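Undergrad: Residues per chain are reported as follows:
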Amino acid sequence: MSSPTRWEIFWRTVMGRAYPRVVGMQRERSWLFFETLLPLLQVSAFVFVYRAIQAPPEFTGFVVLGGAMTAYWLNVLWSMAAQFYWEKETGNLELYIIAPTSLMAILLGMAIGGIVFSTVRALAVMTLGLLIFRVEVSIVSIPQLLGVFLLTLVALYGLGMLFSSLFLLYGRQASHLSNLLQEPVFLVSGFYFPVRALGSVVALGASVIPITLGLDAMRQLLFPTMMAQFHFLDVRIELGVLAVLSIGFLWLARRALSYMEDLSRREGRLTLRGQ
Amino acid sequence: MTRQRAVESIRSLRMAAWLGWQIESNWAAPFLFAIYSIAKPVAGALILVLMYTVIAQGGLQNPLFPQIFVGNAFYIYVAMMLIGVSEAVIEDREHYGMLKYMYVAPLNIHAYLLGRGMAQAIVATMAVLITLFFGIIVLGIPMPPASIDWGMLFAAWLFGLVGVAFQGIFLGGICLITARHNYFIGEAVAGAIYLLCGAVFPIDVLPKPLQLVGQALPLTYWLEALRRALLGTGAGELLSPLSDRVLLLILAGSMVLLAVLSVAFYRWAENLAREKGLIDMQTMY
Chain G
1 MSSPTRWEIF
11 WRTVMGRAYP
21 RVVGMQRERS
31 WLFFETLLPL
41 LQVSAFVFVY
51 RAIQAPPEFT
61 GFVVLGGAMT
71 AYWLNVLWSM
81 AAQFYWEKET
91 GNLELYIIAP
101 TSLMAILLGM
111 AIGGIVFSTV
121 RALAVMTLGL
131 LIFRVEVSIV
141 SIPQLLGVFL
151 LTLVALYGLG
161 MLFSSLFLLY
171 GRQASHLSNL
181 LQEPVFLVSG
191 FYFPVRALGS
201 VVALGASVIP
211 ITLGLDAMRQ
221 LLFPTMMAQF
231 HFLDVRIELG
241 VLAVLSIGFL
251 WLARRALSYM
261 EDLSRREGRL
271 TLRGQ
Chain W
1 MTRQRAVESI
11 RSLRMAAWLG
21 WQIESNWAAP
31 FLFAIYSIAK
41 PVAGALILVL
51 MYTVIAQGGL
61 QNPLFPQIFV
71 GNAFYIYVAM
81 MLIGVSEAVI
91 EDREHYGMLK
101 YMYVAPLNIH
111 AYLLGRGMAQ
121 AIVATMAVLI
131 TLFFGIIVLG
141 IPMPPASIDW
151 GMLFAAWLFG
161 LVGVAFQGIF
171 LGGICLITAR
181 HNYFIGEAVA
191 GAIYLLCGAV
201 FPIDVLPKPL
211 QLVGQALPLT
221 YWLEALRRAL
231 LGTGAGELLS
241 PLSDRVLLLI
251 LAGSMVLLAV
261 LSVAFYRWAE
271 NLAREKGLID
281 MQTMY
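Protein sequences appear in the order of chains G and W.
Those letters in the first sequence? Residues 1 to 275, per my numbering, in order.
Those letters in the second sequence? Residues 1 to 285, per my numbering, in order.
Just so you know, these hints were derived from the structure itself, not from any lab.
For clarity, every value in this text was computed on a predicted model and none was experimentally measured.
Among the hints, erroneous ones may be present.
Stated by the list, open to error - Sample of chain W residues lacking proximity to chain G, with all beta carbon distances greater than 10 Å (derived):
| hint | residue |
| --- | --- |
| 1 | S9 |
| 2 | A29 |
| 3 | L32 |
| 4 | L46 |
| 5 | T53 |
| 6 | E94 |
| 7 | L139 |
| 8 | W150 |
| 9 | G151 |
| 10 | W157 |
| 11 | F184 |
| 12 | A216 |
| 13 | T233 |
| 14 | L242 |
| 15 | A252 |
| 16 | F265 |
To be verified - From the structure, some residues in chain G lie toward chain W, with a derived Cβ separation under 8 Å:
| hint | residue |
| --- | --- |
| 17 | F34 |
| 18 | P57 |
| 19 | N179 |
| 20 | Y192 |
| 21 | A228 |
Cβ coordinates follow ideal geometry from the N, Cα and C atoms, glycine included.
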């Protein structure tokens, strides 16, 4: 019997790690209520803030889109980056390390499972939000919209893989870091308002988080009239930057995982629990 | 026997609060903990500030802004305590693998969970104070100490916090019988109530059916009482006919009701978890 090639092992690992996430979701569906209806209510709160201050109706669309995208950011922080901390605590990490595969493949599997989970939440928030609040969208270009969305996800999950390398070395400290990256990122990335409101310098700095440019571009492609006065950069530039971030984060993640794994081995932290 | 149980409950509460505080603070570097405590609430407040400055006529001078700012600031308690108590069940069960040992130890599990909530309340108090000072100093929200009704503020604050802690126990019961993917249940429920209790707008602007749901939530009255105590007026017209005394009575009554319902629900969930062998469940996907 011939041995599987490196690529075969890579893809088997990806599917193997994605499988429990997707199947786990089917086995117990209580999350459907907590991860779809309740986040929609949270998004609605920001919609009603805008209504209370008589904002133009497009701002409802901005909030609904931002609220839908929170699903991916939370998934990247807690189910990608912090996942290695959980794996370390529950004793799985050493099994991953001794398996004849790469950590990148494991992380990619996690990402695919996570994207399925988050997409259900994002779609529910987006669809119900648009229907309930009767948001009118006028799509400028479907290929560009799909391109922006997919590149945002690739760059975002690449960033998640990069963060996860930190958890090979650190424990609770990095967990606190994930916590810290929630609300402040909701603020600087403009989840609930156009990022340009923060000023060009802050918006430029926040562009290192892929969702900042992704949201700005998607808003431009869905609400072109209102975004004419609020857009940050041209969509084509944002597409280009997202492509660079995607490649950059994936390359950096690969290097960082390798470096952190080596460092953790030397310092004996790979199997260190309660750290 | 009753005295022994009371002693056991107090000890469980105290130790859980200490443990929760250690998890929140001592296990992080002091610098990181300080940044984390300040940046998170201030960022939450700034989201609202930005929404106002971008859109609202009159910007931060809009009379609605102080009401919204205070509601948002005190809501930090709700989010942190609901998350803290519900996550404690999942973390103790799956992350630290300690929940089964809790059940074989001589402790009162309800008091233990309340203690974990108490630790979150301490961290939340710092965040609320930082947010309020940020509002007063940086954003110029008028809150002169002489005009604050301190008695009402303290009574409302206490009744509300105890009520929130018991809501956390209710969510803890749900976590006990569901998989790890409900890790964010506290955040999701806090987010949903954020809409319904009018934390960041008067519930008058909600559609009628949602107004009725909002009026059934104790947190709506909690935030109204806190706004009246701090700013002298409440938000919107719907709750304005209620006197301060009636507000406090509603809060006290709802606190007792929440305690009874939450403990009863947790016991039911606990029995179900024992029957199905879920106390030490591991769902590591």
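Undergrad: Does each hint fit the structure? Answer for all of them.
TA: The hints, checked one at a time:
Chain G leaves W/S9 outside its interface by the beta-carbon criterion, the shortest separation being 27 Å against a cut-off of 10 Å. A Cβ of chain G approaches the Cβ of W/A29 within 10 Å, the least distance being about 6 Å, so the stated non-interface status is violated. At the 10 Å boundary, the C-beta of W/L32 falls inside the reach of chain G, the nearest C-beta of that chain being 6 Å off. Listed as a non-interface residue, W/L46 fails to keep its Cβ farther than 10 Å from every Cβ of chain G; the least gap is roughly 5 Å.
Against the 10 Å criterion, W/T53 falls within the reach of chain G, whose nearest CB is about 7 Å from its own CB. The non-interface label for W/E94 is inconsistent with chain G: the shortest C-beta to C-beta separation is roughly 7 Å, within 10 Å. Consistency note on W/L139: stated as away from chain G, and its beta-carbon is indeed over 10 Å from all of that chain's, at 15 Å minimum. A cut-off of 10 Å between C-beta atoms confirms that W/W150 is not in contact with chain G; the least separation is 29 Å.
For W/G151, the non-interface assignment is confirmed: its Cβ lies about 30 Å from the closest Cβ of chain G, beyond the 10 Å cut-off. The Cβ of W/W157 lies farther than 10 Å from every Cβ of chain G, with a closest approach of about 22 Å, so its non-interface assignment holds. The claim that W/F184 is not at the interface with chain G is violated, since a C-beta of that chain comes within 10 Å of its own (minimum 7 Å). With 10 Å as the threshold on Cβ separation, the claim that W/A216 sits away from chain G holds: the shortest Cβ distance comes to roughly 15 Å.
Under the 10 Å C-beta cut-off, the non-interface status given to W/T233 relative to chain G holds; the minimum distance is some 16 Å. Taking the minimum C-beta to C-beta distance to chain G, about 21 Å, the non-interface status of W/L242 holds against the 10 Å cut. For W/A252, the requirement that its beta carbon stay farther than 10 Å from each beta carbon of chain G is met, with the minimum near 27 Å. Separation of W/F265 from chain G is adequate, the least Cβ-Cβ distance of about 15 Å exceeding the 10 Å criterion.
Annotation: interface hint on G/F34 holds; nearest CB of chain W at approximately 5 Å, less than 8 Å. At about 12 Å, the closest approach between the beta carbon of G/P57 and any beta carbon in chain W exceeds 8 Å, and the interface hint on this residue is violated. Hint status for G/N179: holds, given a least beta-carbon distance of 6 Å to chain W, under 8 Å. Residue-level restraint check for G/Y192 holds (minimum Cβ-Cβ distance to chain W is 6 Å; threshold 8 Å).
Interface hint at G/A228: violated, since its Cβ lies 15 Å from the closest Cβ of chain W, which is beyond the 8 Å cut-off.
Checked against the numbered hints above, the structure breaks hints 2, 3, 4, 5, 6, 11, 18, 21 and satisfies the rest.
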